[in-house]
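Make the full structure from the sequences, and use the hints.
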Amino acid sequence: MTLLLPTLAEPSSFALGEKLLFAALAVASGLLFAHRFVPILRTILRARKDADFRLSPLGRRVRDLVWDVMCQAKVIRQRPLPGLAHAFVFWSFCAFALVTLNHCAAGLGLGFLSPAGLFGRWYFYLAAAFALACSAGILGLFVRRFLVRPRWLGSHVSWESGFIAFLIFNLMMTYLAAFVVPTGSPAVKVLWWVHTLTLLVFLPILPHTKHLHLILSPATVFLSRGSFSRIPPLAGDEDFGLVAGTDLTRLAALQAYSCVECGRCTEHCPAADTGKLLNPKEIVLGLRAYLNEQGPASAEPILGKYNAQEAVFQCTTCGSCEFQCPVGIEHLPLIVGLRRGAVNTGTWEDDRGARLFLALERGTNALGLPAAEREKFIQKQNFPIFDGSQEYCLWLGCMGAYDPKGREIVADFARVMNYLGTSYGVLRKEKCTGDPVRRLGNDLVFQQLAESNLELLAQSHAKKIVTICPHCVRTIQEDWKEFGTPPAIEHHSEFLARHLSRLPQVHSDEKIVFHDPCYLGRYRNVYDEPRAVVEHAGTRVEAARSGERSFCCGAGGGLTFLGEESGERVSHVRAAELAATGAATVAAACPFCNSMLHDAFAAQGSGAPEFVDIAQLTARALPQPTPPANG
Amino acid sequence: MSGVWVVLEERAGRIGRISWEAVAAGQALAQQLGLTVSAVIPGAQTETPAAEAATKAINKVVRLDHALLSPYTPDGFLGALEQFFRAVQPGYVVFPHTYQVRDYAPALAARFGQAFIGDVTGFADGPVFHRQLLQGRLTGTYRPAGNETCFLSVQSGAFRADQLAAGSPPVEVFTPALEATQIRTWSSTPFRAAAQTVDLSTAPVIVSVGRGIKEADNLPLIQELAKALGAELAASRPICDNGWLPIERQVGSSGQTVAPKLYVAVGISGAIQHLVGIKGSQCIVAINKDPDAPIFEAADYGIVGDLFEVVPALIDALKASAT
Amino acid sequence: MKIVVAIKQIPERDAAVRIDAAGAWIDESDMQWGMNESDAYALEEALRLKEAYGGEVIALSAGPERVSSTLREALAKGADRAIHVDAKDLAQRDSLNVAQLLAAAIRPESPDLILTGLQSDDLGYGLTGVLVAELLRLPHASLILHVEKTESGLSVKRELEEGWFQNIELPLPALLTIQSGGNKLRYATLMGIKRAKTKELRNVAASDLGVAPAQTVALERIALPQKQKSTQILTGPAKEAAVALVERLKFEARVL
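Top to bottom, those sequences are chains C, P and Y. Those letters in the first sequence? Residues 1 to 631, per the numbering used here, in order. Those letters in the second sequence? Residues 1001 to 1323, per the numbering used here, in order. Those letters in the third sequence? Residues 2001 to 2256, per the numbering used here, in order.
The set of hints was computed from the structure by calculation and includes no laboratory data. Don't take each hint at face value.
[As the list claims (entries may be wrong)] What the simulated footprint calls covered on chain P by chain Y, stretch by stretch (three residues with Cβ under 8 Å from a Cβ of chain Y suffice, anywhere in the stretch; the number is not a length):
{"no.": "1", "segment": "1104-1112"}
{"no.": "2", "segment": "1115-1124"}
{"no.": "3", "segment": "1133-1143"}
{"no.": "4", "segment": "1179-1188"}
{"no.": "5", "segment": "1304-1310"}
{"no.": "6", "segment": "1315-1321"}
Cβ atoms here follow ideal geometry from the backbone N, Cα and C, with glycine treated the same way.
Quick look at the structure:
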């Protein structure tokens, strides 16, 4: 059987002159590579240390490396076809590591793998199989990049990508050709030299192009902060966020150099999708340009020439970019970091933003309404006051306490808890969790709010919190950790899903589409619970973009308070997408989504689907309270 | 001590409503204390307003007349009124609580060693004076400590001027000694803000329309209401999203934040982002057919009904009350 | 330009108000305090003037220990130093007496310009600025929205009633009372708070200023207004409801 297969033809010997020429070229290639790569490495290492960086737990890092790098899981999952093509190129590179090493060693007469040996023969076959797959993959990627051109690759046609693709293709072809030329023919040596020269050209080009990710991205993935959208604590009295080069950390620099410009972040960005200035890819490339031109010791501001302040403040922090990034770039800490730099030093001037900050500097809620309004609502609803004896502290949040729609959700959720006999109470002096100021980069106000709320919760001896607002959940559970230990908290979708078996079900064929809130899905990894609640009430259908890929409503990142000045409204795009499912009802699980999409559907006019929270879906099936006998 | 003196404010030769209200307050106070009420009009060429004042049942009218009293300057008014009141030794001096009075009257009281009681809404035996505290959340009662002259101003609308009895008091002239060098500030003639496109944030009256209007063709009805109220026209977000009105007329957290005296919300249910934009309004009126619409929670006055019936009736009522 | 900004600390807008046992003032225990709104605008104007013309901004406030937090806030927003007139007896002083106290604290500074807010949102007198000017014999202008420096002094824009304005020119030194809304307020920043820690906050005892507590007018007692704000729904046919509404807007709300 093996006799029928052609074997790899290798040059039998090299003259001394050839050996010297090869050695000289190899050294030159290596030096050229280092000439660019060493400065990059130095830039990364000269950047500020990440104060909060911990190598442990190693398990997570190894898993990410194996799964996302070695197995290419994220690349394939997010874009199956091009992902697979990319994966084959990557796996071929891995397989070729040994082949290439042997190839070069052979040039010095030190070859260690022989096509005649058992291992060598089979290994070369294996590599040939990968070479075939890689060639197919690279051709596919070439066609996509230069002929099909998806929008998110940007309008700039990258000829260097084409050249790199040509080099890779050439490497594969010269390798495969060696199987078909007869051993001993002069073509063997020609192929060897063409292959070698291609390699020696490829190597120094790498660090000049986005193909640098070949070298950096495994490290980026391995070293990433790990938890989604993790905003690092400020380090010391002079750290105000990302203002200048001196604020860029090693991780930020490593990530900036790792970007492969694939545009996955752009593709799913609600701002970029609706014609706004923000493009998450450009944020990362802006940082890279800054590092190249200014370096990590520069005091030159990052915002301005390298990144536009306007763009930075258009981010809804939906996290699609970070979630999808195959090379481990954490966009949110970068974008929020740039916002922190602008807000903490007072260089961001925005009327609505300032109004929000002033409202929370002095008042209790992001809406700037008098706290008495909240008290009136609590009295009207007869909510018990939390005194430590109840099982749950029901956290109202600004929307639940002040927004008429949010109040309806809270009231319905309370009815469900009453029905289940779950004891709960509300806090008299709850303040905004600080979510919008946190995302907008106002550390001063965020810290004030977090500390005052933590103190209040400690005094009240709350052990478990439940709330209708995923933003509150996230902020309390993750962001407050910087200032203390928050009680356990869950979102009402989790509570409802757990108690579904005890809740009445009114059978219905009603088609209901669930809109995944960013802060519940990507931020908390809760997808199934709200769907279970939806299925309890009707027939679930899915929107074109749902689950991990759900599209934002436009409210997050404090943007609901800033207004949306340019482009199409994100909420309108999403509302149209939800309406297109033909569902009679849209269910959401976030009062911000509720408010944004409600307005969007209102603008659509008649024929728009009904819009409810999952708590309201559940409450609809509850028996109506019997009016008092004497009523 | 010579009774109660009311300082009248003339504007373009006329005496404003709030000055008449100060007269009404002065009369009520004088009646309670068994004193007489007189009026003084500071200004230059005050014959016309003095003649107007002399049609009411008061003791006498004094023209505090000097060329340097027009235009108004605090130095001029302070100098003139100090001389005048040193001469007449009043028991009580009542001012209308206008921007002009706030600019000089406290200093006038200080020259007599007295603290000024501003923005009075009423009084009771003593006399003690009532005024609002904490922006209307409390009322305070103030008692003058001694028997010195008491200086106070009365809030617009706190006393009703429409039942002042007629009379024909004598008109006297008092000419203060004023030098141009005493006046340290220079005032321009008043002007209105340059007409700009739309500035809802400073509009004193706003009529705002929401989805209850149903279609763009019905907007003229709301425009007519705005005209009757002398109001700027505004809208909630869905109206502007639909392009029925330009975006700069949108009120709410994603539009303009407004703080008018009067905000009339027509066919607006009251989404949170809208409520946030109107919370600075002094008085909110809501017209909506849904009695459960959240806007009613925020409103001071509400009419539950079909806006296509209520708005025309309101326009009629406004026209009727204006005549 | 050396500018003194007189700032008052008042109960937070949102704070629940309870009347104290004596019925003469609100119960201050458990109360949240903050900077009076128009004073915040006065501070903003001062900071802008300093940014435009150079100089120094001095924040001044009278009251008990707690007012130092509001002065710290002013320092964080950009004031250069602060003076705290330490007085626990403000309730035994009338508006004139408090103005005398402030004037005595300002006099040794001989500033070019004194700014105050138009009025406080708690007592709402709107007197302090005009009185301080009178006591220091300075020219003044009130209800100011916009300030410009000229060769001979200042040119300011004063708000009149019903959408009218006028320009006023006055020499320096002078005093202005600032109306809310003329500028956009800046928000407090982390950097500002950190920088404020090293700024001077000087304490002056009220007793050292030579102004003994006195009052010619006393706040005798306070009460909740008879009618709390609640929505009045006007019923009946459209015509009747409309007439009733116009009547109420005119005589009750007094907004027509």
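- Message: Hint by hint, where does the structure go against what was stated? Just the numbers, ascending.
- Response: Result: no hint breaks.
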